[in-house]
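Number of protein chains: 2
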Amino acid sequence: MKRKIPLLAAGAVALVAALASHAGRIEDTAQQSGTRAKAAVRVEPIKPIVAPKVTNFAMVELGKQLFFDPRLSKSGVISCNSCHNLSMGGTDNLKASIGHGWTPGQLNAPTVLNSSLAIAQFWDGRADNLQQQAAGPIANPAEMNMSHELAVRTLETIPGYRESFWRVFREDRITLEQVTKAIAAFENTLVTPNSRFDRWLAGDNRALGEQELRGYKLFKASGCVACHNGPAAGGTSFQKLGLVEPYKGDTSIPGRAAVTGKDADRFKFKVPTLRNVELTYPYFHDGSAKTLAEAVEVMGKIQLGRTFSKDENDDIVAFLRTLTGDAPNFRLPQLPPSGPNTPEPTPFEVVKK
Amino acid sequence: MKRKIPLLAAGAVALVAALASHAGRIEDTAQQSGTRAKAAVRVEPIKPIVAPKVTNFAMVELGKQLFFDPRLSKSGVISCNSCHNLSMGGTDNLKASIGHGWTPGQLNAPTVLNSSLAIAQFWDGRADNLQQQAAGPIANPAEMNMSHELAVRTLETIPGYRESFWRVFREDRITLEQVTKAIAAFENTLVTPNSRFDRWLAGDNRALGEQELRGYKLFKASGCVACHNGPAAGGTSFQKLGLVEPYKGDTSIPGRAAVTGKDADRFKFKVPTLRNVELTYPYFHDGSAKTLAEAVEVMGKIQLGRTFSKDENDDIVAFLRTLTGDAPNFRLPQLPPSGPNTPEPTPFEVVKK
Numbered sequence: 000m001k002r003k004i005p006l007l008a009a010g011a012v013a014l015v016a017a018l019a020s021h022a023g024r025i026e027d028t029a030q031q032s033g034t035r036a037k038a039a040v041r042v043e044p045i046k047p048i049v050a051p052k053v054t055n056f057a058m059v060e061l062g063k064q065l066f067f068d069p070r071l072s073k074s075g076v077i078s079c080n081s082c083h084n085l086s087m088g089g090t091d092n093l094k095a096s097i098g099h100g101w102t103p104g105q106l107n108a109p110t111v112l113n114s115s116l117a118i119a120q121f122w123d124g125r126a127d128n129l130q131q132q133a134a135g136p137i138a139n140p141a142e143m144n145m146s147h148e149l150a151v152r153t154l155e156t157i158p159g160y161r162e163s164f165w166r167v168f169r170e171d172r173i174t175l176e177q178v179t180k181a182i183a184a185f186e187n188t189l190v191t192p193n194s195r196f197d198r199w200l201a202g203d204n205r206a207l208g209e210q211e212l213r214g215y216k217l218f219k220a221s222g223c224v225a226c227h228n229g230p231a232a233g234g235t236s237f238q239k240l241g242l243v244e245p246y247k248g249d250t251s252i253p254g255r256a257a258v259t260g261k262d263a264d265r266f267k268f269k270v271p272t273l274r275n276v277e278l279t280y281p282y283f284h285d286g287s288a289k290t291l292a293e294a295v296e297v298m299g300k301i302q303l304g305r306t307f308s309k310d311e312n313d314d315i316v317a318f319l320r321t322l323t324g325d326a327p328n329f330r331l332p333q334l335p336p337s338g339p340n341t342p343e344p345t346p347f348e349v350v351k352k
Numbered sequence: 000m001k002r003k004i005p006l007l008a009a010g011a012v013a014l015v016a017a018l019a020s021h022a023g024r025i026e027d028t029a030q031q032s033g034t035r036a037k038a039a040v041r042v043e044p045i046k047p048i049v050a051p052k053v054t055n056f057a058m059v060e061l062g063k064q065l066f067f068d069p070r071l072s073k074s075g076v077i078s079c080n081s082c083h084n085l086s087m088g089g090t091d092n093l094k095a096s097i098g099h100g101w102t103p104g105q106l107n108a109p110t111v112l113n114s115s116l117a118i119a120q121f122w123d124g125r126a127d128n129l130q131q132q133a134a135g136p137i138a139n140p141a142e143m144n145m146s147h148e149l150a151v152r153t154l155e156t157i158p159g160y161r162e163s164f165w166r167v168f169r170e171d172r173i174t175l176e177q178v179t180k181a182i183a184a185f186e187n188t189l190v191t192p193n194s195r196f197d198r199w200l201a202g203d204n205r206a207l208g209e210q211e212l213r214g215y216k217l218f219k220a221s222g223c224v225a226c227h228n229g230p231a232a233g234g235t236s237f238q239k240l241g242l243v244e245p246y247k248g249d250t251s252i253p254g255r256a257a258v259t260g261k262d263a264d265r266f267k268f269k270v271p272t273l274r275n276v277e278l279t280y281p282y283f284h285d286g287s288a289k290t291l292a293e294a295v296e297v298m299g300k301i302q303l304g305r306t307f308s309k310d311e312n313d314d315i316v317a318f319l320r321t322l323t324g325d326a327p328n329f330r331l332p333q334l335p336p337s338g339p340n341t342p343e344p345t346p347f348e349v350v351k352k
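Chains as they are written, first to last, in numbering that gives the first Met the number 0: chain A, 0 to 352; chain B, 0 to 352.
Careful: at least some of the hints might be erroneous.
Identical copies go unnamed one by one, so any copy, or any two together, can satisfy a pair.
[Said to hold, decoys possible] Here are the computed lysine to aspartate or glutamate pairs in the EDC-like style, where the Cα-Cα straight-line distance is at most 20 angstroms:
id : residue 1 : residue 2
1  : K289      : D313
2  : K289      : E155
3  : K289      : E348
No lab work stands behind these hints, which were simulated from the structure alone.
Please read these numbers as outputs of a predicted model, since none were measured by experiment.
Using the sequences and the hints given, assemble the complete structure.
This is the structure we're talking about:
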């Protein structure tokens, strides 16, 4: 099965040529592929999403299977896709996820979509990259609750996986590093290009309506872009939640300070991406904001010291909805069946402590 | 998105013409499509799977979304696909499924693949058809734990669903009947044609190896086909588990008797399909048999009073593995986002009794 890679609509290039004189400040930008023509883009603090160039399709396919495979959990029912559901904007739309044994999570599951564009992974940035991140939930007792050793041993007993891992890595044994590398390779493909905002960035003036443009201007003028910038409209820095006014909610968790050990980093979090934000409700690290309107209102107040009027809030929300891009588009993976020696899932096993 | 309908390999028709004189007893059989040429098939107690003719693509697409949508559960994390996982042979490969609040299920989740070919649904056949079945798990407190009223009300608050339901049903309100009808329409497409056994049935003598043919002959000669017959190699009758020797395991559940009220139906179950049986482990109503070898051994003993030798068991298992067909092949559905009035999932709500 080949993955269809969404690319910036080729038509946009021609369109840009026609509209260049009306398009405000534009410049030539090299595309990721050297063989493609250069496209003119608007220079804005939010940058276009560029589709990744997949070089190792076999690794991506393997990673996709692993991402959907609940056998990486002790119960046999929780997969990466359980909390980062690719049918639902790459998240689970819960305040906090539910883990092994119906354990309530502590934090809102960040979307996996465009997560490759962030400076680090997890709300506190404790993983440098997606490969590091992938190992975390597998072994977390409140999430998939599987030891890494058992996860790898399970995969080694599944004939189809032995074959795929061999094909991709050419090593005698399956290792955790291979597992997380393959998952990360798949996750790297989970970008969502071609949103209406991207088309506008590429020079298509008709891609945004008046209200949406007004919202974007206000978003910039109010200072939202100070943190929500770059291709992911976020994910580029850690910021204290409640810069101007204190956050109304549980402020007891350490946030970034848990990683750095610095008191100055207390209650700092990685700025979440705003890409596909209309799909990734509820909002904030604790999922306390149910709607975009509520999230915009709270952000204005506690981060910028600003109260948006109803119309202003509506405008910003209208702009935010233009950040929904093309969802990853692939066939539901088929998982290789377990072998005779595959350890059975043990969802109800009581561990003696 | 159009669903690609797998059809009996067109090439098989030509092949059959070439091999007809070697193919044993064959006859002409009308295909489901009047416009297609007639194909010659072997007449056997296990019949070929014929791909369904989809007439209402919009309804199937809607049903596919609903099948994958965890918002049909109170927790917001359990969908039809959780227990009937279409990446894993249409089941969850657990002895018994895990429901709301991590509640252990009582019975092994039957595969949804080819379930449209069965005379009734559930192990005890208490639902006449897939549409009736679909309503059950949604409201079962130990499964999705959602009232039907809340499920329908939730869907009504989701703009994308309102639009899709209107397009498909043209009625003012979304109803449970529409929901289950759409899910059943999708499930009707979940057949798995084109297994090696089907190709052999169609006249391709090279489709089965010697051991597999030997296994099939023994399967017939031993009487397995008395129950495992028809296009699904099962699903055509209710049978007492432990006809010759008593079943070693919990025999306290009523089985079919719960539906008919007849004592003669105690511990009778719907004969499960053997299609894709290598993917649908563990086996039996309680998932007590981990491997095909074990299942074949137990069935031989307690249903047929026969002890298969190691070689015989191997042969039958080899045959059973030829019943794996083409998995349903479709793109991961994207679900419409919730609206501002969509009830939030309440995974941890304590209900006062």
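Against the structure, the hints come out as follows:
Proximity of K289 to D313 under the C-alpha cut-off of 20 angstroms is restricted to the intra-copy arrangement: shortest distance 15 angstroms within a copy versus 57 angstroms between copies. In this homomeric assembly, K289 and E155 come within 20 angstroms of each other (Cα to Cα) only across copies, at 18 angstroms, whereas the closest approach inside a single copy is 42 angstroms. When the C-alpha separation of K289 and E348 is checked against a cutoff of 20 angstroms, the pair qualifies only between copies, where the shortest distance is 18 angstroms, while the shortest distance within a copy is 36 angstroms.
When held up to the earlier numbered hints, the structure conflicts with none and fits them all.
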